[in-house]
Every structure is written in structure tokens, then in C-alpha cells.
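Enquirer: Sequence:
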Amino acid sequence: MGSLLATVLPLALGAAISPTLFALEVLVLSGRRHPVSRGWAVAGGAAAMLLLYTLLGLTVLEHVVHRRGHSATDAAIDLGAALLLALLAIRALRRHPTAAESHNRMASRMVDEPTISFWGLGAFAMLVNFSTLVLFLAALHQISHSSIDLVEKAVVGVILILIALLPVLLPVLLVTALGHRADPVLLRVNEFVGSHARQITAGIEILFCVLLIFKGIGELP
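According to our numbering, the residues represented by the sequence shown are 18 to 238, in order.
No lab work stands behind these hints: they were computed from the structure. Just so you know, not all the hints are guaranteed correct.
[Said to hold, decoys possible] If you anchor each label on the Cβ, the simulated ranges turn out as follows:
id, residue 1, residue 2, range
1, Leu75, Arg198, 39 to 45 Å
2, Thr76, Val172, 16 to 22 Å
3, Leu73, Ala23, 33 to 39 Å
4, Val172, Glu130, 47 to 53 Å
5, Gly235, Val202, 39 to 45 Å
6, Arg49, Ser164, 48 to 54 Å
7, Ile234, Ser164, 18 to 24 Å
8, Phe231, Leu195, 39 to 45 Å
9, Thr132, Ile234, 45 to 51 Å
10, Leu144, Arg111, 28 to 34 Å
On a predicted model such as this, the values are computed, not experimentally measured, just so you know. Every residue gets a Cβ at the ideal spot worked out from N, C-alpha and C, and that includes glycine.
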């Protein structure tokens, strides 16, 4: 399991670097009405979407990948993910409203909506958080492809999901535990992340694009 975890962990950490999800969660937690319950609702919606994505991803990968070792299928998945990340990096660097800005406007319009609606907001934010999902799928491929037993795969899968959810889990856990004492830290981090969101997102996408290209080339039969 250790070798699989070593392979999956970098991809999981890359998937966890999401200025969009972090900014959305901090915005919800800074609201005046039920901020903690709404923050957990956003985290719950994001988790539910990620679990659905995991189920679909593993189901598809289980039918696509039939053998261990180097294969054209492995290379195609990694190189395809690299291409998607390259396109997302170009998109992130273009001058247009970011996903974080769109989600923030949506959250602002939902100020009078019931808390249950924020489950949908979290699910939607995760659904369109493409860079996270691309890296998450690459990590799922490694888990599905591994020869370790099912229990160990499940453990690595849970670790992957928890790490990918850190942008929404960490803020709400801090506010739940510390209350308003967490506000200064979250606001400072959010200010930095918000002002550098494009660069952070594009940098992560370019880095993993390069890594997946080399990995995919090495897997060509």
C-alpha cells in the first residue's frame, strides 16, 4: 500500500489546491445567517459529488483497464489528463471571470435560501472544478490499476477523497472549533489566494501537465 500511496499522494495534493472551492467556503462562512451549518452543507455537497465521481470513475476504469504494467490504456489516460490540464491552464490565464468569482456571485444571491440549498452549491462547485477532477481521475486510475487487495485500495481511496476535500473541510473545521477566532486567519489566507488565484491554478495545472506527460510517455508500450 505504501508504494500506491506514494504515487497517489502528489496527485491528491494537486487536486486539493483549489482557490475556487476555498474562496467559496470562506465566503459562506463569513455570512451572517447560519454560517457553520451552511459551511458544512457546502462541504457535504462537494463530498457527495466527489463520491459520485469516484464511483463512476472506478466503474469506468475497472472496465477499461484489464491488466497491470505498461499499456496503451495507461498512457492514453495520463496523456489525456495532461492535455486537459494544459487547456485548463491556458483558460486560467486568460482574462475572463474566474470560477471563484462566479461561485461567489451565486453564493451571494443565495443569502436568503435555506441551508439545504448550500448542499447543491457545494456539489455544483465540485462538479465544475475541472482541474481538481482531472487530477482526481488520474489518482483513481492508479488505485484501480494497483494489484493490492481491496481493503488497502479502499483506505487509499478514502485518503484521496479527504485530501481532495481539504479546501472546503479545513475552513469549516477551523470555524467549528475556534468560532470567530478563526476569522483573521481565514480572511488573510483568502485575500492571498484570491489575489493569486489564476497564477496558483495555472501553476498547478502546468506542473502536473508536465509530470503526466513524462509518466504517459514512459507507459507507452
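Enquirer: None of the hints should be skipped; say for each whether it holds.
Expert: Results of checking the hints against the structure:
| no. | hint | in the structure |
| --- | --- | --- |
| 1 | Leu75 to Arg198: 39 to 45 Å | holds, 40 Å |
| 2 | Thr76 to Val172: 16 to 22 Å | holds, 19 Å |
| 3 | Leu73 to Ala23: 33 to 39 Å | violated, 26 Å |
| 4 | Val172 to Glu130: 47 to 53 Å | violated, 37 Å |
| 5 | Gly235 to Val202: 39 to 45 Å | holds, 41 Å |
| 6 | Arg49 to Ser164: 48 to 54 Å | holds, 52 Å |
| 7 | Ile234 to Ser164: 18 to 24 Å | holds, 23 Å |
| 8 | Phe231 to Leu195: 39 to 45 Å | holds, 42 Å |
| 9 | Thr132 to Ile234: 45 to 51 Å | holds, 48 Å |
| 10 | Leu144 to Arg111: 28 to 34 Å | violated, 21 Å |
Comparing the model with each numbered hint stated earlier shows that hints 3, 4, 10 do not hold.
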